[in-house]
Amino acid sequence: MSDESRRFERRIAEMPPVADEIVSTTCYMCACRCGIRVHKKDGEPVYIDGDADHPVNRGVLCAKGAAGLMNHRSPARLTAPMRRVGRRGENRFEAISWDEALDLAVSWLKPIRDEDPKKLAMFTGRDQSQAFTGWWAAQFGTPNYAAHGGFCSVNMAAAGLYTTGGSFWEFGEPDWERTEYLVLFGVAEDHASNPLKIGLGLLKSRGVKVLSVNPVRTGYSAIADEWLAITPGADGLFVMALCHELLRTGRVDLDYLIRYTNAPQLVIQAPGEADDGLLARDEAGAPLVWDRKRRTPVAFDEPAAAPAMKGEAILPDGRRAVPAFELIARRCLEDRYSPDNVADRTGIGADDIRRIAAELAQAAFEREVAVEQPWTDSWGRRHDRTVGRPVSMHAMRGVSAHSNGFHTCRAIHILQILLGSVDTPGGHRYRPPYPRHIPCPAKPTGKPDQIVACQAMPGLPLGFPGGPEDLLVEPDGTPVRIDKAYSWEAPLAIHGMMHAVIANAWKGDPYRIDTLFMFMSNMAWNSAMNTTGTAAMLTDVDPATGDHRIPHIIYADAYQSEMVAFADLVLPDTTYLERWDCISLLDRPIGDPDAPADAIRRPVATPGRDVRPFQDVLLDLGHRLEFPALCAAEGGPRYPGGYADYIVNHLRKPAVGSLAGWRGADGGDHGKGEVNPNQLEAYIANGCHWRRELGEEHRFYKFANAGYLAEAVGLGLIDRDTPITLQIYSEELQKFRLAARGHGVHRPPERDRGRVETYCDPLPFWYPPFEPARGEFPLHAITQRPMAMYHAWGSQNAWLRQIHGHNRLYIGRPVAEREGLEDGDWAEVESRHGRIKARVAVTDGVNPDTVWTWNAIGKRSGAWALSPDAVEATHGFLLNHLIDDLLPVREDGYRYSNSDPVTGQAAWYDLTVRVRRAERQSAPSEPRLETLEAGAPVVGTVR
Amino acid sequence: MTSLPQGAGKKLGLVIDLDICVGCHACAVACKSWNSIGAAAPLSDTTPYGPEASGVWLNRVHTYEVEDGQGGFTLHFPRSCLHCDNAPCVTVCPTGASYKRARDGIVLVDEDLCIGCGLCAWACPYGARELDDATGVMKKCTLCADRIDNGDFDEADRVPACVRTCPTSARHFGDLGDPESEVSKLVADRGGAAPMPESGAGPVNRYLPPRARHAGPAPMAVGADAGQPSGFLDWLDRVLSD
Amino acid sequence: MRPAVSLVLFTSLSGAGLGALVWLGALHALGLPPRDTPFVVTSTVLALALVVAGLLASTFHLRHPERAWRALSQWRSSWLSREGVMAMITFAPALAFLGGSIVAGPGGGVLAPAGLAMVLCAVGTMICTAMIYRSLWTVPQWSNVWTVPCFLAIGLAGGALLVCAAASLGGAPVPGGLLVVALLAPPCAAAVKACAWAHAEHPAGSDLATALGMGDRLRGGRMLEAPNSSENYLQREMIFHIGRKHARKLRRSALVVGVAAPMALLAAGALAGGVAGAALTVLAAGCGLAGTLIERWLFFAEAKHKVALYYGAERV
Ligand SMILES: Nc1nc2c(c(=O)[nH]1)N[C@H]1C(S)=C(S)[C@@H](COP(=O)(O)OP(=O)(O)OC[C@H]3O[C@@H](n4cnc5c(=O)[nH]c(N)nc54)[C@H](O)[C@@H]3O)O[C@H]1N2
Ligand SMILES: Nc1nc2c(c(=O)[nH]1)N[C@H]1C(S)=C(S)[C@@H](COP(=O)(O)OP(=O)(O)OC[C@H]3O[C@@H](n4cnc5c(=O)[nH]c(N)nc54)[C@H](O)[C@@H]3O)O[C@H]1N2
Ligand code: SF4
Ligand code: SF4
Ligand code: SF4
Ligand code: SF4
Ligand code: SF4
Ligand SMILES: [Mo]
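Residue numbers (the working numbering), protein chains in the order written: chain V, 1 to 943; chain L, 944 to 1185; chain P, 1186 to 1501.
Everything labelled a hint here was simulated from the structure, so no lab data went into it. Check before you lean on any hint, since a few could be wrong.
To be verified - So the derived label-pair ranges between C-beta atoms look like this:
{"hint": "1", "chain 1": "V", "residue 1": "Ala633", "chain 2": "L", "residue 2": "Ser987", "range": "24 to 32 Å"}
{"hint": "2", "chain 1": "V", "residue 1": "Pro778", "chain 2": "P", "residue 2": "Phe1245", "range": "53 to 61 Å"}
{"hint": "3", "chain 1": "P", "residue 1": "Arg1402", "chain 2": "L", "residue 2": "Asn1029", "range": "21 to 29 Å"}
{"hint": "4", "chain 1": "V", "residue 1": "Lys41", "chain 2": "L", "residue 2": "Gly1012", "range": "52 to 60 Å"}
{"hint": "5", "chain 1": "L", "residue 1": "Thr989", "chain 2": "P", "residue 2": "Thr1222", "range": "51 to 59 Å"}
{"hint": "6", "chain 1": "L", "residue 1": "Glu1098", "chain 2": "V", "residue 2": "Arg917", "range": "24 to 32 Å"}
{"hint": "7", "chain 1": "L", "residue 1": "Asp1095", "chain 2": "V", "residue 2": "Cys631", "range": "48 to 56 Å"}
{"hint": "8", "chain 1": "V", "residue 1": "Gly318", "chain 2": "L", "residue 2": "Phe1175", "range": "21 to 29 Å"}
{"hint": "9", "chain 1": "P", "residue 1": "Arg1261", "chain 2": "L", "residue 2": "Thr989", "range": "32 to 40 Å"}
{"hint": "10", "chain 1": "V", "residue 1": "Gly820", "chain 2": "P", "residue 2": "Arg1433", "range": "38 to 46 Å"}
{"hint": "11", "chain 1": "V", "residue 1": "Arg818", "chain 2": "L", "residue 2": "Ser987", "range": "51 to 59 Å"}
{"hint": "12", "chain 1": "P", "residue 1": "Arg1433", "chain 2": "L", "residue 2": "Thr989", "range": "28 to 36 Å"}
Stated by the list, open to error - With the Cβ distance kept under 8 Å, some of the chain V side facing chain P (calculated, not the full set):
{"hint": "13", "residue": "Gln802"}
{"hint": "14", "residue": "Ile803"}
{"hint": "15", "residue": "His804"}
{"hint": "16", "residue": "Gly805"}
{"hint": "17", "residue": "His806"}
{"hint": "18", "residue": "Thr843"}
{"hint": "19", "residue": "Val871"}
Quick caveat: nothing in here was measured; it's all calculated off a predicted structure. Heads up, the beta-carbon is just placed ideally off N, CA and C, and yes, glycines get one too.
Generate the whole structure from the sequences, applying the supplied hints.
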């Protein structure tokens, strides 16, 4: 038979077009926000592929993105608003109409707003519209708002923002094209899922060395040229040891340190005094440096200065001071950070550490790269080329999710700064709108006097404290916020502490709330620490009142997640293909180092269910609650067109709105500009995104690039064009420390003093995670993101669940041999907090003291519209049952949140366990929570 | 008869770079997704929301831990049809449903002829064929013939779905019969190899082995030009002594 | 390999049927008894019935039996196709033989040539069946010199027992020559099978390193994660696990049920004679067939497919 006569060949030749329409929008199978093309047939999406013109993913799609259709078609989609009819947690509901649902919500929310808006805790999880939801909370008048950053990677964000004005995460990225050396610290996947992969592919094909520091050797670590199996929680030691080596051998970029960082700035040495450890400043407030030629202090930004980098200076008023550089050098050169002394604790050999330090130095200083592009710095100095140190780093939750993550992450940034590589060609580059000034000018809102019944707060709940005066505490030091963010317990909790909300609200510490309003966060399962306990708290009844301790729970989800079962009122959201969304520069933007960018998501399918986009619902609720900002002068809703209307017409500041592209009446303005009624059309015509290339001269050294800073101000990315000085020494932290030492009017309560003094160290340091691995629980237990699954919500996906239907606990061979465990055996895993039963797999690619598993594969029986005996429930398991939400009891009986003491970041990866062969060698995994009334969330019919 | 085309000049195939494959499964899912609407559609799933879901995939990504005597490494290995020169799956087929295209060497199944006997899957050394439960016919990677031949598509989209989607660019598509093609050069440069060469099936696809690791800059003597520090940052005095 | 009932039945039943045809044709060609018409009719019909049953069973293996006829088209390249074609062709001499026997009675002129042709076709068909497996490089337990002899020997042994059973139905004692053949065939088949089993112990040639195409570079390795957490078609179809202990037990029972028992029953039948003798002889044939079924189940169950290497097997 000839090929041509084949029926299959004819099928190919005569194949009808697979789509009658191809539309672009933005993926939301994860937070990476890639551009997708949705192929539609007869009005229905039938195929999704990557948008080759999109700046984030350039056509590629990850496994989740490519499987998006199956989430969109998931049987777990919620179909109508629901009111609880069964016990809380039982998952029995009746369908109600939207009017009933909104009336019910108003009946709970209105009295709170009229009386004490704090009694609303609104937490929005993996929200991509935080610029809007945070604003909504402020309009309500509650400070109790945050999204998921606090349990995600706030250590990363805070350390970065307070050190470089940028960060890893989605604030910056390696200069993929020019870097000569990349170090990954604790990255399995990250939010920049596709860009990282694109970049790694590029580096590998360029033959650039990739070093992965990670207890586990999978994914990116598998393709790294070198893998260092670090012991969890020890990165700070390793990095400090690298700094130690570089400083000892003089392999640091002095010019860079002198020009762009506060290394030369003089730090007052006056033990016991109120200004000890603050920067010496002139009358104008400018930090001083010691001019070693003129032998006198001069202002830091005086271009002619020849600053000293060590040695004591006597200020005109007689106070003593030393350059910050001396302080950081002394810190790093302490014996405890010598390679020999950190080797054991890090699990990395001293010779390896010295070699890596040498490799970094060699890449930075002997492979200097230059872009032939002149530029001008903030002091007017013209540089005829742009020279860079081609060493880049990227760190994520492996560093972040520990109770010592803030300082570790600061250490990494200091390492970058010592090498002179931040935002230079080949180094770690900011993605605009970063860098921002340090500290970012926006302060958190929610001081006691900023919370007034029936009024909006004067600013947004989240911001950046510059010192004790910016904390949100009562005069006696009690936290104002339900999650205790911005209190002495977590002064730089700049993303809030979502993981503490339920426990605090249940305990009434610091107070009781009335309504817990959540969006897009599976807080009763994988985003909870102490999952079993959390479920109990959510259902617990106060014997005094006979009512639930958390009286009302409103939850907006798109799918039948574990959390839905605990709501009293369920507001069903649309899927990501059915709504407008705005990926705004005010929020978590998608820019790349060469260009700020933002994007939209637009409806490409109609729901056919009684569901509404959550943002529309919030606007409606705000109107019903009579927020002035959401009511038109004539009395109707301010944004009758819903969220799309808000995106286009809402102004945050004069000329600054949700989207930066095509502003102004004619769409000719970018960045700032008046409202353009046709803005969304312009986005759609451009593949749903906007990207504006920075001027050629503005792409590096952005913190001190006069042209960039001016351009950024023009685009509305930052407020002023003064240079941003990189902070190897953190004066902000020192201010908190001084308060702990009894200085100033804002002082921590006795209980928190020692803690604040210790951890608000202006210099990075390493301390063991609060849950060390020794004695009874000798093994670190961590999770990794599976590349083909997104937290909990991938399991409803018919394709993805075939890849990861259940998980195993990976244990190293020595552990397996010690405990007599073999591949496939069932084991009991115990922590100081709890016990689970899980199946093990033996691996060679893991740090010997570590066990790990894929995150969030285990599901509660009955959730996600899966059959109750789904493998996710019978063979999958969740490590979260083992993670306590609180630290062990202190002598005074108090228990702090299981978090970083500076930022409040949840310390997921501090967990330590022991593993033994289980008595019963068979399924199911444990704990086995009661099956949720499966697949039938709706009782009754929609009226 | 199901003869194999002889000496076909053109040999379309994939080249997969194991040095940079991170095992993300994107290619596998993109393949599944495309083949749910392409000419060979659909690929069925059984009990998709039941106790266990199982379905047909034309590309699957394995993860191995291997020993090389130098500490070992983790290897991700995507596995799909290799469009073999001597495709045993074609010659065993009793109906002639399996065939290898003369013009480019792609191995396909004419689903309208297939009786679902499963013999070709047995004959394939690479596990590249899966019988579809719903349609009762044999499924296999088509090398996205329905994309590369698709006149409706832009040129840029006329590549296999898995290649188009691979985030690390570990997958390459081209003519391995032409020594001058990009893919052939890659194979030559990187020592591309065929899996299980002893099968005699003559796979066309090639895998590029992981490169020698630790290929960073040569370690440098520590403190080469810093001298032996005797006090606190002496080097600083020297450097700043101008 | 998954021991599909359809294939176990197909190869066992049609093997025995074809084996019987071989003996029938041979008896006639050599002019040996029994040659009476009732015997020829019963035995030929019985043999053909088994062949047909086997072929029918095999269609249950097809997901599109309505297209089964297409399977005859690729006889130039596919052993499965050849098997089908040969099986069809075998019907011609077999029916001629049967018809000839009915029309012309024993000793009819067509019987000897038809018988001879039937022998050749049946043997050819048996070889084709065996070659389906013999030609699969992917399954080392199959793709070796012993597969064809095994199929032939086991088919012939089963066939001999069947012919004896048919002969005993007439009430007369089974002729001595036939009896000797039927007593010798099972142990011979067992001996051949034993060689095949011994051969299977040889380490096979592929391991993970070759499977990944990395030859000498790798010293070892294992699967850390399968591409899918739930079983897929390949795992179900080609990675069938049967415990070694279990397999050994089944091998023994195949020998007891398929060799020792028939021999004993046959001998007892010959001694007993009459109705009891006939019953024992029929039982012997039944046992032979049962033994073949066990052997055939093991033939699949014990066979490892090379694809198992990708799913964690060490060496195939
Ligand atoms: N052990 C352990 N626990 C962890 C982590 C870990 O590494 N290890 N990581 C932590 C981190 S960093 C995070 S961010 C959290 C993530 O944990 P979660 O925030 O709980 O994340 P998800 O499970 O992805 O999704 C939350 C909810 O969003 C819903 N959802 C999905 N799409 C939509 C939509 O379009 N609209 C609406 N309204 N809802 C939608 C889903 O149905 C789901 O119920 O987990 C944390 N928990
Ligand atoms: N596919 C997929 N992508 C996702 C997500 C998802 O669920 N699925 N979730 C998104 C979210 S919310 C987030 S926050 C990001 C998180 O992105 P990542 O930070 O990449 O996510 P994790 O899986 O938490 O990875 C942590 C890594 O750190 C390692 N690790 C653990 N402890 C230590 C340590 O002490 N030191 C070092 N050096 N390494 C350590 C772990 O082995 C793991 O490889 O991913 C986002 N992207
Ligand atoms: S990384 Fe994947 S899931 Fe996330 S947005 Fe991009 S394509 Fe979608
Ligand atoms: S998409 Fe690319 S990187 Fe991902 S598994 Fe496939 S080949 Fe590997
Ligand atoms: S890989 Fe398997 S299916 Fe593909 S051509 Fe080779 S033998 Fe046939
Ligand atoms: S399953 Fe189909 S393609 Fe495969 S051998 Fe049988 S008839 Fe041929
Ligand atoms: S070429 Fe097409 S059919 Fe083959 S594996 Fe890639 S996507 Fe699947
Ligand atoms: Mo996260």
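Hints and how they fare:
no., hint, verdict
1, V:Ala633 <-> L:Ser987: 24 to 32 Å, "violated, 58 Å"
2, V:Pro778 <-> P:Phe1245: 53 to 61 Å, "holds, 57 Å"
3, P:Arg1402 <-> L:Asn1029: 21 to 29 Å, "holds, 25 Å"
4, V:Lys41 <-> L:Gly1012: 52 to 60 Å, "holds, 54 Å"
5, L:Thr989 <-> P:Thr1222: 51 to 59 Å, "holds, 54 Å"
6, L:Glu1098 <-> V:Arg917: 24 to 32 Å, "violated, 58 Å"
7, L:Asp1095 <-> V:Cys631: 48 to 56 Å, "holds, 50 Å"
8, V:Gly318 <-> L:Phe1175: 21 to 29 Å, "holds, 24 Å"
9, P:Arg1261 <-> L:Thr989: 32 to 40 Å, "holds, 36 Å"
10, V:Gly820 <-> P:Arg1433: 38 to 46 Å, "violated, 27 Å"
11, V:Arg818 <-> L:Ser987: 51 to 59 Å, "violated, 45 Å"
12, P:Arg1433 <-> L:Thr989: 28 to 36 Å, "holds, 34 Å"
13, Gln802, "holds, 5 Å"
14, Ile803, "holds, 6 Å"
15, His804, "holds, 6 Å"
16, Gly805, "holds, 4 Å"
17, His806, "holds, 5 Å"
18, Thr843, "holds, 6 Å"
19, Val871, "holds, 6 Å"
Going through the hint list in order, the structure does not satisfy hints 1, 6, 10, 11.
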